Structure formats: C-alpha cells, structure tokens
Amino acid sequence: HLMVKHRRLDHRLVVTRNMWLHGQRIKLKDITVKQQQQQQQQQHDGDNDDDDDKCPTTEEYHDDGSSSSSGVVLRFKRHMLHTSLTARDQASYMTLGNCAVSELLHETDPASKAHWVPSEAKTPRGIFVYKFMHSQDRYYHYMGKAILHHEPRFIFEALCDPLFRFEYDQMLDEMEIVDKLDNETYIARYSHTNQQCYIKQQRQSLTVVKHKCVVSNDKYVAAGMSVEHKRFPTEIGIHCLKHAYADNAADDVDGGGGDDEDDIASVSKLFSGKGPSKLIDGGMLTTDIKASGWVVERNVKKPTDSIVSYIVNLNFGGSVPSALLKAIAKKQPLAIYYLGKALRHRAKKLKQQKKMMNRKGVNN
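Just add 11 to the spot in the sequence shown (first one is 1) and you have the working numbering.
Since the hints were derived computationally from the structure, they do not count as laboratory data. Among the clues, some could well be false.
Simulated restraints on C-beta separations [to be verified]: (1) Lys313 to Ser113: 22 to 30 Å; (2) Gln364 to Ala334: 29 to 37 Å; (3) Thr106 to Glu246: 37 to 45 Å; (4) Arg36 to Asn369: 18 to 26 Å; (5) Asn369 to Lys241: 45 to 53 Å; (6) Thr204 to Arg23: 15 to 23 Å; (7) Thr97 to Lys362: 40 to 48 Å; (8) His117 to Val311: 18 to 26 Å; (9) Thr204 to Met367: 35 to 43 Å; (10) Leu335 to Ala98: 38 to 46 Å; (11) Ala122 to Arg36: 33 to 41 Å.
The calculated DSS-like cross-link candidates involving lysine-lysine, where the alpha carbons are at most 25 Å apart (straight line), are [unchecked claim]: (12) Lys359 to Lys156; (13) Lys352 to Lys366; (14) Lys312 to Lys156; (15) Lys341 to Lys133; (16) Lys38 to Lys230; (17) Lys312 to Lys124; (18) Lys362 to Lys40; (19) Lys313 to Lys352; (20) Lys352 to Lys362; (21) Lys230 to Lys301; (22) Lys124 to Lys313; (23) Lys312 to Lys211; (24) Lys230 to Lys362; (25) Lys133 to Lys211; (26) Lys352 to Lys341; (27) Lys230 to Lys156.
Note that the coordinates shown come from a computational prediction; the quantities given were computed from them, not determined experimentally. Cβ coordinates follow ideal geometry from the N, Cα and C atoms, glycine included.
Please construct the entire structure, taking both the sequences and the accompanying hints into account.
This is the structure:
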C-alpha cells in the first residue's frame with residue numbers, strides 16, 4: 012500500500028510533492044473561505060463542535076488507485092480556509108491579478124514582437140525561447156513559445172487546477188493555497204529547490220494567481236505576480252508598511268485622512284520590483300516575481316492546436332553568481348516542454364476514463 016501522512020498546520024492547505032504523488036488533489040471551486048472573526052465568534056458560541064468542517068478525512072490509496080477509509084490522511088472532506096483579509100485587501104489583490112493578466116496580454120501582442128530577441132538557450136525541438144530587450148536590472152525576463160496539439164480550453168482547464176503545477180514545475184517542492192479571492196483568483200505560496208553545479212538553492216514565492224478567459228474557446232491567460240501577505244511578512248514588506256504608516260499619519264495631521272493602514276495588499280504595489288527579500292519568520296529568501304504566466308490561444312493555421320506562451324520575469328536574489336542565476340532563469344521557459352508531456356498524459360487518462368464509462372453504459 013502507498014501511504015503518506017498529511018500536513019495539518021492550523022487548517023492550512025499545504026501540499027508537498029510527495030503528497031501530490033500519492034493522490035492529494037485540491038480544486039479551487041471546492042474551497043470555502045471563512046472570515047477569522049466569524050470563526051472566533053463560532054468558537055465563543057460553541058458552534059465549532061463539528062470536526063468535519065476542519066479536519067481532513069482519512070483515506071488509504073492502493074496501487075490500483077482505489078481508496079478506502081483507514082487512518083492515512085490524504086484528502087480533506089472540506090477545504091476550509093480561515094482568512095483575515097478585509098474587503099479592501101481582497102479588492103487590491105484582485106486588481107494586482109488583473110494587472111498581471113493585462114501585462115502578459117501586452118507582452119504577447121504582435122505589436123510587442125520587436126521587444127523580444129531570440130535567446131541562445133538550447134531547447135527541445137519545437138520550443139523557442141526569447142529574451143526581453145528592456146529587462147530591469149537583476150531581473151530575468153524570458154518567454155518560451157511552442158505549438159501544442161491540444162485545444163486552448165483543454166490546456167486552460169488544466170492550468171486552472173492549482174496542483175497541476177507539480178506536473179510541469181520540476182523544481183516545486185511544496186505549495187500552499189493561502190487565500191481564495193474567487194473561483195478564478197487565489198494567493199499561493201510556492202517553495203522551490205534547484206540543484207545546479209553542486210549548489211543547492213532554495214527559494215520561496217508568494218503570488219496572486221489570476222485565471223482569465225479572454226475569448227471563449229480561443230484565448231486564455233493564467234497570470235501571477237509577487238505580493239505581500241500578513242501571514243508571511245518580509246523585510247522589504249515591513250519597511251514599506253512603515254513608510255505607508257508614516258504617510259498615513261502625516262495625512263491625518265494634515266486632515267487628508269490617508270489610506271487604511273491595514274491594506275497590506277496595497278503595499279504589494281510598492282513591493283513589486285523592489286527585489287527579493289527575506290521572510291521575517293524563518294529567514295528564507297523570497298523570489299520577486301513581476302507579471303509572469305501563461306497565454307494560450309488558438310492556432311489559426313491549425314485550429315485544433317494552440318499557441319502557448321510562457322513568460323517569466325523574476326529576480327532570484329542572494330549571493331549566487333549571476334552566470335549561474337542566468338542559467339537557471341533560461342531554463343524556466345522550458346516548463347512548456349513539461350506542460351506538453353503532462354497534457355498528453357492528461358488527455359490519455361481522460362480518454363481511458365471515457366472508454367471505461369462507455370463500457371459500463373453498454374454493460375448496464
């Protein structure tokens with residue numbers, strides 16, 4: 012039997028690669044968000060006796076993929092997130108997600124073609140990598156491009172699955188869904204490890220992720236960018252907050268009123284482009300990611316295929332030699348190669364499931 016224990020961290024939705032390999036799955040639509048104040052009130056009123064709302068279910072997975080109740084925790088009965096975000100926070104994060112989508116659409120627009128030059132990176136056949144000509148200092152800005160033999164909607168639906176990232180991101184060790192804003196937008200924490208030339212590098216990133224249908228059945232975007240969050244404060248984020256508080260205080264003295272000092276999401280606007288920063292708790296370096304992600308559009312010349320673009324714009328930080336960081340950065344667009352492999356596997360699996368359903372229908 013294949014067995015693995017879950018990680019229960021105050022009802023946080025944390026999934027390691029090992030858990031994912033053993034069957035852990037989370038769909039964004041199945042996550043319910045509960046305000047922290049509401050949770051505290053229920054505890055005060057004695058309404059939190061139903062452990063099913065907060066405890067994972069116990070399941071065991073066999074080699075044949077079947078499952079039965081046993082004592083090995085792999086899935087949650089209900090995906091429950093407790094959030095302390097204000098309505099203003101949520102609106103600000105939503106704005107940042109929409110900005111990331113707009114930036115990717117702009118960079119993949121034919122009018123922006125002149126800003127991309129071919130990269131010297133070696134790539135598998137059919138995958139092309141380009142470098143952005145106007146990259147910010149210490150930021151690595153690349154785009155991978157390829158034609159995949161799948162419909163745009165099929166690709167987009169796969170990318171909308173938060174845990175599908177384990178399929179194409181080979182360096183991803185662990186991910187956590189920190190907050191859900193709506194069924195197309197969420198905040199996620201990613202932990203990556205890269206082994207290059209005997210040097211092991213670990214980084215963490217906290218991003219707002221936005222999925223958007225631009226043209227139904229024809230064009231889709233899955234974009235993200237770094238943000239600050241109350242649960243994972245960074246040194247730069249705290250510094251920006253102090254300045255924001257000082258500005259608010261000055262505005263209050265002048266009668267201007269200022270912004271809500273608890274609007275942590277607005278601080279993310281100041282944080283973006285400032286570079287990597289260490290977490291206050293734990294000291295791990297966070298990668299600063301500017302607008303990055305996927306643009307999937309139908310191939311006009313062959314409508315059953317899709318033109319897929321994957322853009323990365325990030326700053327790793329740290330004291331690693333720039334040549335080594337550049338080598339790592341140039342590998343990022345190759346996620347398209349792993350995406351193609353994962354999609355072929357997904358399509359094959361869905362085809363097998365459809366055949367099995369048809370056989371059952373005939374037998375019945």
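Practice task
Mind checking the hinted window 33 to 41 Å against the Cβ distance between Ala122 and Arg36?
Solution key: Roughly 40 Å apart at Cβ, these two residues keep to the hinted range, so it holds.
Handout entry: Consistency of beta-carbon spacing, Lys362 to Thr97, with hint 40 to 48 Å
Key = holds (46 Å)
Problem - Outcome of range test on Cβ distance (Gln364, Ala334; 29 to 37 Å) - result: Given a distance of about 46 Å, which is not inside 29 to 37 Å, the answer is violated.
Handout entry: Straight-line alpha-carbon gap Lys359 to Lys156, limit 25 Å
Key = Holds, because 23 Å separates the two Cα atoms, which is no more than 25 Å.
Handout entry: Hint consistency between Lys313 and Lys352 [alpha-carbon to alpha-carbon, up to 25 Å]
Key = Answer holds: Lys313 to Lys352 is near 20 Å, not above 25 Å.
Problem - Arg36 versus Asn369 beta-carbon gap, inside 18 to 26 Å or not - result: 24 Å Cβ-Cβ, so the 18 to 26 Å window holds.
Handout entry: Beta-carbon spacing of Thr106 to Glu246 - inside the hinted bounds 37 to 45 Å or not
Key = Violated: the Cβ-Cβ distance is about 24 Å, outside 37 to 45 Å.
Handout entry: Restraint check for Lys352 with Lys366, where alpha carbons must lie at most 25 Å apart
Key = Answer holds: Lys352 to Lys366 is near 21 Å, not above 25 Å.
Exercise for the section: Would you check the hint for Lys230 and Lys362, treating anything up to 25 Å between C-alpha atoms as holding? Expected result: holds (24 Å)
Exercise for the section: Quickly compare the C-alpha distance for Lys362 and Lys40 to 25 Å and report which way the hint goes. Expected result: holds (24 Å)
Practice task
Would you mind confirming whether the straight-line C-alpha gap from Lys352 to Lys341 stays at or under 25 Å?
Solution key: holds (19 Å)
Practice task
Mind checking the alpha carbons of Lys230 and Lys156 for me, to see if they're no more than 25 Å apart?
Solution key: This hinted pair holds, its Cα atoms lying about 15 Å apart.
Of the numbered hints stated above, those contradicted by the structure are hints 2, 3, 23, listed in ascending order.
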